[in-house]
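Chemist: Below, each chain spelled out in residue letters.
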Amino acid sequence: MMMRMMILVLLLCCISSAAPEETHDEHGGGHNITGIPIVTFKWHHVKPPYTVALWVLVCFLCKLLIEANHNVTNYIPESALLICFGFILGGMIWGADQVQTFKLTPTTFFFYLLPQIILDTGYSMPNKLFFTNLGAILVHAVIGTCWNAATLGLSLWGCHQAGAMGNIEIGLLQYLLYGSLMAAVDPVAVIAVFEQVHVNEVLFILVFGESLLNDGVTVVLFNVFDAFVSLGGGAIDAKEIVKGIVSFFVVAFGGSLLGTVFGLLVSLLSRCTKNIQIIEPGFIFVLGYLAYLTAEMLSLSSILSIVFCGVCCQKYMNANMDENSIQTVRYAMKVFANGSETIIFVFLGISAIDKTIWVWNTGFILLTLFFILIYRFIGVFILSWILNRTRLVPVTFVEQIIMGYGGLRGAVAYGLAVNLNETNIKEKNLMVCTTLIVVYFTVILQGVTMKPLVQWLNVKRATTTELTLVEKVQNKVFEHMLVGIEDISGQIGDNYWRNKWRNFEEKWMSRVLLKPSARKNQDRLFNVFHQLNLQDAMEYVKEGERRGSLDFIRNESAFVDFKKKLEEDYEEAMPDIMADMADDQNGASVMRRDPVPSISLEMHEQNMRGLREAEVINSHHLLDQHLYKGRKQHRYRFSRSHLDINQDENEVQEIFQRTMRSRLESFKSGKMGVAPPKTITKHTKREPQPKMPNGRNKNYHSGDEDFEFSEGDSASGYDTSFPMRVGYRAGAGIENPAFMPDLDPSSPLHIPPWLADAGLEVNQVAPSERAQMRTPGHLHRLASLRSRARSGETDQDLPPPPHRDDDHL
Amino acid sequence: MGATQTHSEYQYENMVGKTGFSTEQIKNLHMRFQQLSGNEKTLRREHLKNIPALANNPIKTEIIEAFFDKRNQLDNELGSYEEIGFEEFLMVMSHFRPLSIKTSAEEKTAMRKQKVRFLFNMHDTDGDGKITLEEYRKAVEELLSESGTIGQEVARAIADAAMLEVASTNVPNMGPDDFYEGITFEHFEEILKDLEMESRMHVRFLDMNTANLRCGQ
Chain B
1 MMMRMMILVL LLCCISSAAP EETHDEHGGG HNITGIPIVT FKWHHVKPPY TVALWVLVCF
61 LCKLLIEANH NVTNYIPESA LLICFGFILG GMIWGADQVQ TFKLTPTTFF FYLLPQIILD
121 TGYSMPNKLF FTNLGAILVH AVIGTCWNAA TLGLSLWGCH QAGAMGNIEI GLLQYLLYGS
181 LMAAVDPVAV IAVFEQVHVN EVLFILVFGE SLLNDGVTVV LFNVFDAFVS LGGGAIDAKE
241 IVKGIVSFFV VAFGGSLLGT VFGLLVSLLS RCTKNIQIIE PGFIFVLGYL AYLTAEMLSL
301 SSILSIVFCG VCCQKYMNAN MDENSIQTVR YAMKVFANGS ETIIFVFLGI SAIDKTIWVW
361 NTGFILLTLF FILIYRFIGV FILSWILNRT RLVPVTFVEQ IIMGYGGLRG AVAYGLAVNL
421 NETNIKEKNL MVCTTLIVVY FTVILQGVTM KPLVQWLNVK RATTTELTLV EKVQNKVFEH
481 MLVGIEDISG QIGDNYWRNK WRNFEEKWMS RVLLKPSARK NQDRLFNVFH QLNLQDAMEY
541 VKEGERRGSL DFIRNESAFV DFKKKLEEDY EEAMPDIMAD MADDQNGASV MRRDPVPSIS
601 LEMHEQNMRG LREAEVINSH HLLDQHLYKG RKQHRYRFSR SHLDINQDEN EVQEIFQRTM
661 RSRLESFKSG KMGVAPPKTI TKHTKREPQP KMPNGRNKNY HSGDEDFEFS EGDSASGYDT
721 SFPMRVGYRA GAGIENPAFM PDLDPSSPLH IPPWLADAGL EVNQVAPSER AQMRTPGHLH
781 RLASLRSRAR SGETDQDLPP PPHRDDDHL
Chain R
1 MGATQTHSEY QYENMVGKTG FSTEQIKNLH MRFQQLSGNE KTLRREHLKN IPALANNPIK
61 TEIIEAFFDK RNQLDNELGS YEEIGFEEFL MVMSHFRPLS IKTSAEEKTA MRKQKVRFLF
121 NMHDTDGDGK ITLEEYRKAV EELLSESGTI GQEVARAIAD AAMLEVASTN VPNMGPDDFY
181 EGITFEHFEE ILKDLEMESR MHVRFLDMNT ANLRCGQ
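Sequence lines, in order, name chains B and R. Take 1 as the starting number for the first sequence in the numbering used here and just add one per residue. Take 1 as the starting number for the second sequence in the numbering used here and just add one per residue.
Pulled out of the complex, with its shape left as it was, chain B reads as follows (with noise of 0.2 Å):
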């Protein structure tokens, strides 16, 4: 804490204190120009750019700090803590320079560091979510923001009309000006501080849906009154008024549709950058940036515009670009949005301290405050009843109160109010501080309070698991029957809507905007079957990389080549270990020879832990035999334009030989009725069978999968043939079969008994098909279907995820 604490004051000092030094430079360097310097002190060439940077720095440092000791964000977010922090960030600045010279520019703000927050909202947001509850949003958002700026500026006029406020210069117009800018939700904040406070989905589309769409009013408002005020009282009349009403249509609606243009763009353009992979995942970035600057140049609204053009290619993009890329985008977006937001707080902090703009009025303050709480509940109460009335599922008054207390002012209102004209608005200070100061009081008062108060009123949290397969047949099966359920009323409600639209989407947009072969993926069904099967495989590699087992590999035969080798090569370096081993074997072939049938599950483990030891070695030994280089130390080609894994043709073609001999040979030891001297193993049950030609065996029980080399060529490189059994529910997710580690030493309960039954019989020459009978017939039946069926499209879709064969040769 400490230490980076004087790591901050350091990198404060150099900047405050290379100012000065800087014009001393220069007045040197110009003076005697001697010789050619070896060596310059330039600090003047870099100032702008390197202050950013270290500006940067400081604040991700501020983050890294903060979510060092996670026990104080889970009790006050982050966002206030980072206002906290430049809070002493300005102190410092100031007690080195006695002014305030770093603080937020409305320039800055607007430019740089709002439109990739929002731009990254758009890309994320959950567009179903949203758009069935867009209704709601929009009129929270439009009449919402309306009535309070109207109300906040019309009561502290009053307020002031009763002589609460003293001597200050303000007219109505320009309190109503104050009020439209302190209206809106601003999203950054609403962001920061729902984002921890998991609250069901819909309500949080519902406020965050509404901070993002005010934006539009806001500034409209914010415009009118504005030029409004510049006019002055007299010169309004019912036209200028008709003219702002007006605006406010076109501002709005036009920011959204140039979105729209620029998110259909981006998709199409993200249809033709296969060739250019690298910097695919620039485009969403500039388009995005260029909508948010155009809709700017064009005085509509820009954030409005820059979520759509998210909300609109996000699922095109998807689509279109290839994984890497998503991840990317995904990745970047967070980077550049999570990072803007710890800027905006930081410099909303370090801007307070400054003396110039600090004007107090209590009265003003206070009653503002006051005003923007109540108004917003009232607001909110108001407009959740009309819409309680048409809604499906009403919002609760629990859930009302939170939307009410998430009303919270941020950077937005602050920019606003610095953007306040001086001459025609003398109190402008004043209003500035306001503005902080109700910043301030949302993001931090009502920040730490929110989460308790969730919990406190028992609002209804967001379900965090994923949602299982049937669950997603289910939604589909709820779709479709909805409709149809509609069709058959004669009701035409929003399923029939939601249905057209569909229709007209897949019919036409994806047609135009999504590539041929990505549009055969688009099934939302299918795609949850590939994630889920995705994660099981990740999963399943892990657990064998935690218990420090490699038997997932499923490399018999190479255990049989290692046991020749270790004997030869290691028998004098480690005869403790070679004995150890031995003996294993022995207890275990006695455990073989053992008569008993009946299925122990004890033993089994015994024996398991038996040989615990010698698996490890076995596996090291394994590895270092057939991974000819680590897979980190890929070299990666060096080029700007390709992402390649070396693979290099002769190390690849070694790796190749190596395995084949090792696998001719077991093959040849297995053919002769040679038992492997592996002791237990799951995979008694295979057989030595002939490699089918096209790597597909029929009987998929077998594991024999070791019998038939995958060169590389993912076709037939990760077939399916794995020995089945019922998954086990151990999380979100399902547990393909498929996946199911089946050595499982630590918890020998999850053995079926028939496998351990074939265990048994290691000698015998075809135990698979007995195996196969003891197991319960239908569900075995129902996972090996399962695995064929994966076969077959596993082929195009699937990178292989079981068997890491490919990965380790």
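Derived lysine-lysine pairs resembling DSSO-like cross-links, with alpha carbons at most 30 Å apart:
1) Lys193/R - Lys460/B
2) Lys315/B - Lys334/B
3) Lys451/B - Lys128/B
4) Lys115/R - Lys460/B
5) Lys113/R - Lys49/R
6) Lys18/R - Lys108/R
7) Lys27/R - Lys49/R
8) Lys70/R - Lys130/R
9) Lys49/R - Lys500/B
10) Lys193/R - Lys128/B
11) Lys507/B - Lys49/R
12) Lys115/R - Lys128/B
13) Lys451/B - Lys108/R
14) Lys128/B - Lys108/R
15) Lys138/R - Lys500/B
16) Lys70/R - Lys193/R
17) Lys18/R - Lys49/R
18) Lys115/R - Lys500/B
19) Lys115/R - Lys130/R
20) Lys355/B - Lys428/B
21) Lys113/R - Lys460/B
22) Lys70/R - Lys138/R
23) Lys138/R - Lys128/B
24) Lys193/R - Lys451/B
25) Lys515/B - Lys315/B
26) Lys27/R - Lys500/B
27) Lys507/B - Lys138/R
28) Lys128/B - Lys113/R
29) Lys315/B - Lys500/B
30) Lys460/B - Lys108/R
Simulated from the structure, these hints should not be mistaken for lab results. Quick caveat: nothing in here was measured; it's all calculated off a predicted structure.
Please arrange chain R on chain B, whose structure you already have, making use of the hints.
Modeler: Below, chain R without anything else, positioned relative to chain B:
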């Protein structure tokens, strides 16, 4: 028209209590019913099959069957009707009635159970109280048939995976000789317990008559 009017007025009162629809809604639905059945007293499968909008629905057979399923009439009979009267029609529709803000917690759970039962009946085509693998496969295949891009194999794979998921959820310690015959209603309820049903199984039944807005039947 007058005579039927009074007759149905009386009937409507009965049905309000039974189904929870408002009188206006029942009136509208009745009009729709008559429109569908061509002013007959009963509705047959062909009537529903002829609705043009339904033609593209991948699960239209299931939906139509649900209307003729005796199990959906709350008296737990098995089998299906050949033709249904308005009352049966209404009972099926009532499964999709939205909750009002006044609905109590117990009523909500009861309604939820009813809805889940409806779904269950839809999948359990032979009425033996279990959704077997075959039945589930058929359902998934039909669901995916619409997209056209996914082969039957994949549909089966998905159904199988889903089934395994159910089996592993509900019978975590399945012995080797156990045989998972199918999803029982209890299991079905258990799997769907996290699913938010409120917004997913509701149709907004308007008080006003929209039947005429729709062109065609």
